[in-house]
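J.: The task is to assemble the complex, starting from two chains supplied on their own in separate frames and drawing on the hints.
The listed protein sequences derive, respectively, from chains U and Y. Quick note on the working numbering: the first sequence kicks off at 568 and runs consecutively. Quick note on the working numbering: the second sequence kicks off at -10 and runs consecutively.
Hints in this document: simulated from the structure, not taken from any laboratory. Among these hints, one or two may not hold up.
16 angstroms max Cα-Cα, derived EDC-like pairs, lysine to aspartate or glutamate [said to hold, decoys possible]:
id: 1; chain 1: Y; residue 1: K7; chain 2: U; residue 2: E672
id: 2; chain 1: Y; residue 1: K7; chain 2: U; residue 2: E673
id: 3; chain 1: U; residue 1: K589; chain 2: Y; residue 2: E(-1)
id: 4; chain 1: U; residue 1: K687; chain 2: Y; residue 2: D160
id: 5; chain 1: U; residue 1: K589; chain 2: Y; residue 2: E162
id: 6; chain 1: U; residue 1: K687; chain 2: U; residue 2: D730
id: 7; chain 1: U; residue 1: K617; chain 2: U; residue 2: D730
id: 8; chain 1: U; residue 1: K711; chain 2: U; residue 2: D668
id: 9; chain 1: U; residue 1: K616; chain 2: U; residue 2: D795
id: 10; chain 1: Y; residue 1: K7; chain 2: U; residue 2: D668
id: 11; chain 1: Y; residue 1: K129; chain 2: Y; residue 2: D207
id: 12; chain 1: U; residue 1: K789; chain 2: U; residue 2: E673
id: 13; chain 1: U; residue 1: K650; chain 2: U; residue 2: E703
Here are the simulated distance ranges between beta carbons [what the hints assert, rightly or not]:
id: 14; chain 1: U; residue 1: E691; chain 2: Y; residue 2: D160; range: 44 to 50 angstroms
id: 15; chain 1: Y; residue 1: K(-5); chain 2: U; residue 2: G653; range: 19 to 25 angstroms
id: 16; chain 1: Y; residue 1: P122; chain 2: U; residue 2: E691; range: 49 to 55 angstroms
id: 17; chain 1: U; residue 1: G610; chain 2: Y; residue 2: D160; range: 45 to 51 angstroms
id: 18; chain 1: U; residue 1: G653; chain 2: Y; residue 2: W22; range: 53 to 59 angstroms
id: 19; chain 1: U; residue 1: E701; chain 2: Y; residue 2: K(-4); range: 31 to 37 angstroms
id: 20; chain 1: U; residue 1: R579; chain 2: Y; residue 2: M130; range: 55 to 61 angstroms
Since the structure is predicted, the reported quantities are computational estimates derived from the model, not experimental observations. All C-beta atoms in this analysis are idealised placements derived from N, C-alpha and C, irrespective of residue type, glycine included.
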Amino acid sequence: MDAIVVNGVTKRFRKPYDKTLKGFFISLVKREKLYKEFVALNGVSFSVKKSEGFAIIGKNGAGKSTLFKVLSGIITQDEGEVKINGTVAPLIELSAGLSGDLTGEENIRLNCAIFGLTRKQIEEVYPDIVAFSELEEFIDTPVKFYSSGMKARLGFSIAVHIDTDIILIDEVLAVGDKDFREKCEAKMQELKQRGKTLVIVSHSLNPLKKICDRALILEKGKVVDIGDIHSMIEKYQGKKKKKKK
Amino acid sequence: MLAELKKYKELIYFLVHKEVRIRYRNSLFGFFWSLLEPLGLMIIYTIVFALILKLSRGIDNYPLYILSGLIPWVFFNDTLKKSMQSLSRNASLIKKIYFPREIFPFTTLIANVVANFLPAMLLVIALALILQPGEISWFKMLFAPGIVLLQAVFTFGLSLVLSVLNVFYRDVEFISNLVLRGWMYLSPIIYPLSFVPEEYFNFYVLNPMAVIVSLYHDLFYSNLQTVPTWSIFYVIVFSIIQLFVAMLIFKRLNRRVGEVI
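Here chain Y stands alone, though its shape is the one from the complex (with noise of 0.2 angstroms):
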């Protein structure tokens, strides 16, 4: 399947380009949505689970806990959104050339890394800087990337077989969208690890965006508490799995893709 996205390198390009040209095309700020919307939800968040509910007892800055949960969990969400309805949304191609479909969720995932999150997360490290420049490690960054793309990983297998179940039954798209609502919430965003009651905190991190968040949090944290080690062997492992497994479903549902879609 790799070979085959390589091939195609030149048509990548150009979806991505396209997808992202066409995304704030008509709007007044453009570009600068990708930062005022985290920007938005880190002020409407902090003011509703720090001032009124008062979950940020023990973190300091809590605006910069938000955010650089908040994005990456956004980064999920969207690139989840959108590759479901990548293959819908382009029957009509799909419907009159073959070329690998595998594409248009890929596509969808390296969009959003280019035009939301990469930037989003400059903005972090930005807050970082100003709220509390002495907490960075330096060290710490050089895992930046391997958690982005444990993440990328993580997300692209996911996206893979709802992109195609989607197709099949459009009913994914609501079922998902509920899901990913209490997902949100079972990840360590607007709380901190430690209010996760002992005996549930095994169970807790089985949950693979969990623990990817907090590695998120422990770029910029040092004095939080953290996933066990076992945890995070456990997701790079899930996600490797989970991306074959992804990949065979794919190949075995988009058979009928061209009949029903």
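Next up, chain U with everything else stripped away, as it sits in the complex (with noise of 0.2 angstroms):
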């Protein structure tokens, strides 16, 4: 069975989105269009099987923060739908939902408790996540004092610790030193032994190899293609260098 089924999915947003009712009453006495419309997803469709290292490629406002978000129930598409078989744990720019005024360990339980974890789970894997993000001595500091490294670290420990079918990240490898990132990159390979299901959202390419097995590239909010992560490195490069000449 596919972990995720992803068929003909079309989001829209509405571009100049007035916040105030004066705003909307003016334009319905207008008789103007009270939005233009801007498509970010056009008929994305593409499926994941379990234990896959998946990869979304492509430029900025191509596309992929959108798709993102629609994977993780974020925004909600238009059109086409969305199958994911399993529980989801979304991470975004590695910080996600890290409240600043908490400490490291409140945030630890935040995060576990929105997953729906229960309180003798959090107990359980509790332990797990400060020793992987070797942050022990700073688990009592407010995470506003934490350098963008160390949120990273944090983010990152949460994510692959709690015990989900398919976790979602985006940009990931970007960030944090390079020991760390080494460290990321074994765990996720350990992920994928067991059975789950890792889909990345990226522009830094190579991290990308060791870790996905297919990828897809997107552009203007249309899928390029769709295949083995090597050939499609090799031809989104290639696009990108055609486009500076």
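T.: Structure below.
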């Protein structure tokens, strides 16, 4: 069974969005159109197999983040359907959901609770998360005093220790120092072997080769091609070079 | 929706705990503010409305009358105002992870019950025991949890709708502040029900808060004019229907919350 099936997903955004009622009524009176539409995703279809590493690559504005948010359920598509078999833990910009006023410990608990873990489960994974993040000394410090590297480590540690079937990762490989990055890569390999599905959205290509099996190239909201990771990266880079000339 | 809320028990517990703790963190009296504030209001209202405006005709122990109506009102008012901002305040979380967003207005309600309303109601009971110990009937107190539940259902329905509307239009906040001010004067808080002209009385009790507030008064007083029985059933039915409609509206508008917040 496929872990994720996306079928003909289209998402349109309303561009000039006026946040006041006044604006709304003025537009009504003037009989002008209330919004202009912008198509962020246009009939995107693909499927991800279980325990596969799947990469979504594309330039800024290609619709990667929108697709990511649709997959994690933060925004709802206008057309098409998204079928997800299993539980999903999204991880965005690595500081996903870390609230600044809370300490590291509280953030771990909050994030675990958001993913629906019971108190017993939280007590069980808590030591592992702290150990993996290597933040024992700062765990009682409010997160707002953390450096971006520390936040990244904490965020990543939480996401990989919550026992979900599918992990969505956005630009994870860009942050953190070399040692931690290697640790993350090893961890992701391990997760894959344990049957977890990884979906990674990125534009830094090289680390993807190690983790992902297949890739999807997205351009202006449309799927350009889906296939083996190496050939896709070649294709993507080839295109970029042509444009430069 | 309720099944979903149950699944996230741990998260609700965490958020309530956090909200209660943050609320009084940087203040000297801490938790006692939830008692000092109503006491202060009681003194102000008693001076203005009993001593100056003489609205206390026919009411024994006017400070108790004020307090027993004002505390449920403050609970209603504060819960609505806080839940209205609960989604927008947690935008950073909502934009990143999906989980049932009803949790935010819901935890606001629970935190208000636990941290403000219940301690303040104990204060009212203590005041009643001091001022008129003979008047208190413990039999009537058995109805108190039911009245609190009714008010909670009514308040939650309204706060669900307002919280999600406020994400789309910030005007909701300004309009609501004004409406709440008027609403308070249309509920029997500073004056007794007997002040309401008879020809308007049936319209007056269509306001659910008027019925709820006077039910609280009836817990402590037996000699006041009270609301007709039909209006109590009307409020119960109204609150339940409102809650279901509110859930539908919330579900509908929730689809676009992730993009506009």
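J.: Hint by hint, note whether the structure agrees.
T.: Results of checking the hints against the structure:
1. Restraint check for Y/K7 and U/E672: satisfied, since their Cα atoms lie roughly 13 angstroms apart, inside the 16 angstroms limit.
2. For the hint pairing Y/K7 with U/E673, the CA-to-CA distance comes to about 9 angstroms; that is within 16 angstroms, so the pair holds.
3. Between U/K589 and Y/E(-1) the CA atoms are separated by roughly 41 angstroms; this puts the pair beyond 16 angstroms, and the hint is violated.
4. For the hint pairing U/K687 with Y/D160, the CA-to-CA distance comes to about 43 angstroms; that exceeds 16 angstroms, so the pair is violated.
5. For the suggested pair U/K589 and Y/E162, the alpha carbons sit about 14 angstroms apart, so the restraint of at most 16 angstroms is met.
6. Using a Cα cut-off of 16 angstroms, the hinted pair U/K687 and U/D730 holds, with the two alpha carbons roughly 13 angstroms apart.
7. As the CA atoms of U/K617 and U/D730 are separated by approximately 15 angstroms, the hinted pair is consistent with the 16 angstroms bound.
8. Restraint check for U/K711 and U/D668: satisfied, since their Cα atoms lie roughly 6 angstroms apart, inside the 16 angstroms limit.
9. Distance check on the hinted pair: U/K616 and U/D795 sit about 13 angstroms apart at the alpha-carbon level, within 16 angstroms; holds.
10. The hinted pair formed by Y/K7 and U/D668 meets the criterion: a straight-line CA distance of about 10 angstroms does not exceed 16 angstroms.
11. Taking the CA atoms of Y/K129 and Y/D207, the gap is near 8 angstroms; set against the 16 angstroms cutoff, the hint holds.
12. This hinted pair does not check out: U/K789 and U/E673 have alpha carbons roughly 40 angstroms apart, beyond 16 angstroms.
13. As the CA atoms of U/K650 and U/E703 are separated by approximately 39 angstroms, the hinted pair breaks the 16 angstroms bound.
14. For the pair U/E691 and Y/D160, the beta carbons lie near 47 angstroms from each other, so the given range of 44 to 50 angstroms is met.
15. Y/K(-5) and U/G653 have their C-beta atoms about 21 angstroms apart, which keeps the hinted 19 to 25 angstroms range intact.
16. Judged by the Cβ atoms, the range 49 to 55 angstroms given for Y/P122 and U/E691 holds: they are separated by roughly 53 angstroms.
17. Hint check: U/G610 to Y/D160, Cβ distance near 37 angstroms, so the stated range 45 to 51 angstroms is violated.
18. Between U/G653 and Y/W22 the beta carbon distance is about 46 angstroms. The supplied range of 53 to 59 angstroms is therefore violated.
19. Under the hint 31 to 37 angstroms, the C-beta atoms of U/E701 and Y/K(-4), about 32 angstroms apart, fit the expected range.
20. Taking 55 to 61 angstroms as the suggested C-beta distance range, the pair U/R579 and Y/M130 conforms, at roughly 57 angstroms.
When the structure is compared with the earlier hints, violations turn up for hints 3, 4, 12, 13, 17, 18 and for no others.
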